[in-house]
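There are 2 protein chains.
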Amino acid sequence: MAKYAEMTKEQLQEEHKHLLGAYNELKAKGLQLDMSRGKPSTEQLNLSDEMLTNIPTLNDVFAESGLDTRNYGVLDGLPECRRFFADLLEVPYKNIIIGGNASLRVMFDYITQCLMPNALDNGWLASGKPVKFLCPCPGYDRHFAILEYYGVEMLPIDMEDDGPNIAQITEAIKDEQVKGMFCVPKYSNPTGCTYSDEKVKAIAAIKPAADNFRVIWDNAYLVHDLVEPEDGDKLLNIFPEAIKNGNEDLFFEVCSTSKVTFSGAGISAIAASEKNIEAIKARMSKQFISNDKINQLRHIRFLKDVPTLMAHMAKHREILAPKFQAVDEKFTEGFSACGIAKWTKPKGGYFINLDVMEGTAKRTVSLCKEAGVVLTGAGAPFPYGKDPKDCNIRVAPSYPPVEELKTCADILVISAKLAACEKLLEK
Amino acid sequence: MAKYAEMTKEQLQEEHKHLLGAYNELKAKGLQLDMSRGKPSTEQLNLSDEMLTNIPTLNDVFAESGLDTRNYGVLDGLPECRRFFADLLEVPYKNIIIGGNASLRVMFDYITQCLMPNALDNGWLASGKPVKFLCPCPGYDRHFAILEYYGVEMLPIDMEDDGPNIAQITEAIKDEQVKGMFCVPKYSNPTGCTYSDEKVKAIAAIKPAADNFRVIWDNAYLVHDLVEPEDGDKLLNIFPEAIKNGNEDLFFEVCSTSKVTFSGAGISAIAASEKNIEAIKARMSKQFISNDKINQLRHIRFLKDVPTLMAHMAKHREILAPKFQAVDEKFTEGFSACGIAKWTKPKGGYFINLDVMEGTAKRTVSLCKEAGVVLTGAGAPFPYGKDPKDCNIRVAPSYPPVEELKTCADILVISAKLAACEKLLEK
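So the sequence lines, in the order shown, correspond to chains A and B. Heads up: take any position in the first sequence, counting from 1, add 441, and you land on the working numbering. Heads up: take any position in the second sequence, counting from 1, add 441, and you land on the working numbering.
Since the hints were derived computationally from the structure, they do not count as laboratory data. Mixed in with the good hints there might be a few duds.
Said to hold, decoys possible - SDA-like cross-link-like pairs, simulated, lysine to any residue; straight-line CA separation at most 20 Å:
| # | chain 1 | residue 1 | chain 2 | residue 2 |
| --- | --- | --- | --- | --- |
| 1 | B | K570 | A | S568 |
| 2 | A | K570 | B | A586 |
| 3 | A | K727 | B | K827 |
| 4 | A | K727 | B | E594 |
| 5 | B | K727 | A | S568 |
| 6 | A | K727 | B | T817 |
| 7 | A | K722 | B | A586 |
| 8 | B | K727 | A | E594 |
| 9 | A | K570 | B | P558 |
| 10 | A | K722 | B | G592 |
| 11 | A | K827 | B | K727 |
| 12 | B | K727 | A | M557 |
| 13 | B | K570 | A | R478 |
As the list claims (entries may be wrong) - Not close to chain B: a few residues of chain A, all C-beta gaps over 10 Å, as computed:
| # | residue |
| --- | --- |
| 14 | G462 |
| 15 | N732 |
| 16 | A767 |
Since we're looking at a predicted model, the values are computed, not measured. Ideal Cβ positions, reconstructed from N, Cα and C, are used throughout, including at glycine.
So that you can see chain A by itself, here it is in the shape it has in the complex (with noise of 0.2 Å):
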């Protein structure tokens, strides 16, 4: 098959009809299909299944200290898990806090402490201007309804292949209004990229116009590795190098065991400057009395330390990697020859990025969508949800059974091959 680029108008007339064949084929089956969200499968969830049980009486309810987690108190976190925290992101633990069960939950606080009059520098909505958020993209798309929820304006940088444009980065934060950046910098959320040194150290050392300027560090797949992890991706240390800047004060660093343990019941860690944890525990001191110390407590007995937490990630891997090789196999099998897509494959995270022909992509995930597959949104990597190239689909492999995801992929491939042949005989 020659590619679609390439094909006469009755070469590309005989391939839609055959497709369109296929495709009605599949979509007569009637399916029910998922691959919108990376949530876990139930199998993933299956390997903690320990902690549902790992204080099983009233004598094991005590932390370390010896102190009930059933009750009030201990704000920042039980100290054995700031200690595994500190342990794991590889910085001081007094620079750590834990959060509950939602990292999301604490960048959207974080947000909005940083918006309001009170935070530890004057509040980004003081001035009265607007303020604006470099939004690497594609990108994550919670990060990004955050910022539209608060009337942030998004300003779209470019990912390469090891992390953002730092020549865009250093033009757009000469204008104070621009505020912080949104980061995912280890097997990002949807390329699956991982920042080079280069890269971080560019970013550690930014210099920008605004004076309460933050970089939303967000870790979320640091230990979220699709093959050995010596063979993974490495990301530098943030603070280290912020650091030798003077730029501290500029990183907020969160991750969490959402895709570690329980996604709905997991547990987040928050790093930052001790300028930064002094202003954050201000307000947490006004907002409660402490996070689930129970949860806590299940979570570090479990997961112990990070060589105990890394063979349990192992086990992920040998679930997930199956995933993610079927989906690139029926890419490669599909898109191969016809040469109107491209794709990541990473060596860790969530996610494959699937770039389709320019134009097509929401026509694509609405194929797939009335074939009964549902996918993310196209466009919803992008600020708005604006794909400017309207080519971007985030395809997420880890929910489905393998032979329902080779399903899934069978329905996509033929789906954007479909709209690009319908795209290229509009012409």
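Keeping the supplied structure of chain A fixed, place chain B upon it in accordance with the hints.
Leaving out everything else, chain B in the frame of chain A:
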């Protein structure tokens, strides 16, 4: 013994000498006791031990709908939990959202939402003018701390035996910068009073000048009777009354299981009008994907329904009532003759409100501290921590065992009397 106010200087000096001897004797014991916060005792926490293991296997993680509670989803809470709280608060199911582990956080977040431009109506900060709030007091110090954090001006409203002074409220809300009011309508913190039907009806009918006024109806102690519930206080449901007055959007009710199950690991609930629920959910959908649904499931499996909850609360009552009685007996024994103090005998809640001689509360708390008994800071139940009469002390009898509590009460009685003698001798 005579009343202090009727004693001669010589008699007072004699009494002071006698008290100081007793005080120093107790102080010499080097005690370390804490009566500062409304924390459940270990014995109370043990009542919910079943919840540690009531989801023992992977077969048990499914909600009524079949949903796996370990995964993402269900923003507003498990339907069975929402039904439980709808029954408890006597509001329709559609008006309930399940919150996280702290109703304080839910309130903090709602105040934040109301302040900012993206709440249902114009944000309270929108006009740029100072925001004011009504604070019936003595009241809950953590409510006032939220307002102080946000720079909201607090206007004290007198608490009477059956709720806040309505005339003062009616006058204050003529100012359109007065944007809301905090209420603990049942077994109020700290006075223990319950709002009368008359006061609830009057509050339900208020006509504030502000078009975005909100009453935070913190129903923290709704099932926390210290007597048989049929002999306990009854609180009129605010919502039907508010609806009669077209005021349903003015009320935001919260409650939690912090003093029902585990204090740091409970669940909370919001009751609000459909319009408010919609605005809250719009915000929540940007904040997180779900609260901890495993914990919701643990709760509903354990608490089951309102009758089961009430049977559980009877067990709390058996532990708590003797503690309140012990303190009351000590106060009666120590204060009856000297006439320097009065205190409440609440039928529920977590506090005894002690009024000592004017101008001596701070000194009393300080004397207690020196003798090894930590109390809530004097003035804490007032905006900005300022008790205009310096007479109010919040007594929290729940945490210490009865014998310890008796010692605490002894020290408190002697300290209050010593402070009164000092004050009278100054003249």
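**Request:** For the pair we were handed, A:K827 and B:K727, check the Cα-Cα distance against 20 Å.
**Result:** Within the cut-off at roughly 18 Å; holds.
**Message:** Check the hint pairing A:K570 with B:P558 against an upper bound of 20 Å on the C-alpha distance.
**Reply:** holds (14 Å)
**Item:** A:N732 and chain B, when compared Cβ to Cβ, separated by more than 10 Å
**Value:** Check fails; 7 Å does not lie beyond 10 Å.
**Message:** Please verify whether A:K727 and B:K827 have alpha carbons no more than 20 Å apart.
**Reply:** Roughly 18 Å between the alpha carbons, so the hint for A:K727 and B:K827 holds.
**Request:** Given the hint that B:K727 pairs with A:S568, test it: the Cα-Cα distance must not exceed 20 Å.
**Result:** This hinted pair is violated, its Cα atoms lying about 25 Å apart.
**Satisfaction of hint between A:S568 and B:K570, Cα-Cα up to 20 Å** = holds (15 Å)
**Request:** Given the hint that B:K727 pairs with A:M557, test it: the Cα-Cα distance must not exceed 20 Å.
**Result:** holds (17 Å)
**Message:** Against the 20 Å threshold, does the CA-CA distance of B:K727 and A:E594 hold or violate the hint?
**Reply:** holds (16 Å)
**Asked** CA of A:K722 to CA of B:A586, is that 20 Å or under?
**Response** holds (14 Å)
**Request:** Mind checking the alpha carbons of B:K570 and A:R478 for me, to see if they're no more than 20 Å apart?
**Result:** It is violated: about 43 Å lies between the C-alpha atoms, which goes past 20 Å.
**Item:** Hint consistency between A:K570 and B:A586 [alpha-carbon to alpha-carbon, up to 20 Å]
**Value:** violated (29 Å)
**Minimum Cβ distance from A:G462 to chain B greater than 10 Å, as the annotation requires** = holds (36 Å)
Checked against the numbered hints listed earlier, the structure breaks hints 2, 5, 13 and 15; every other hint is satisfied.
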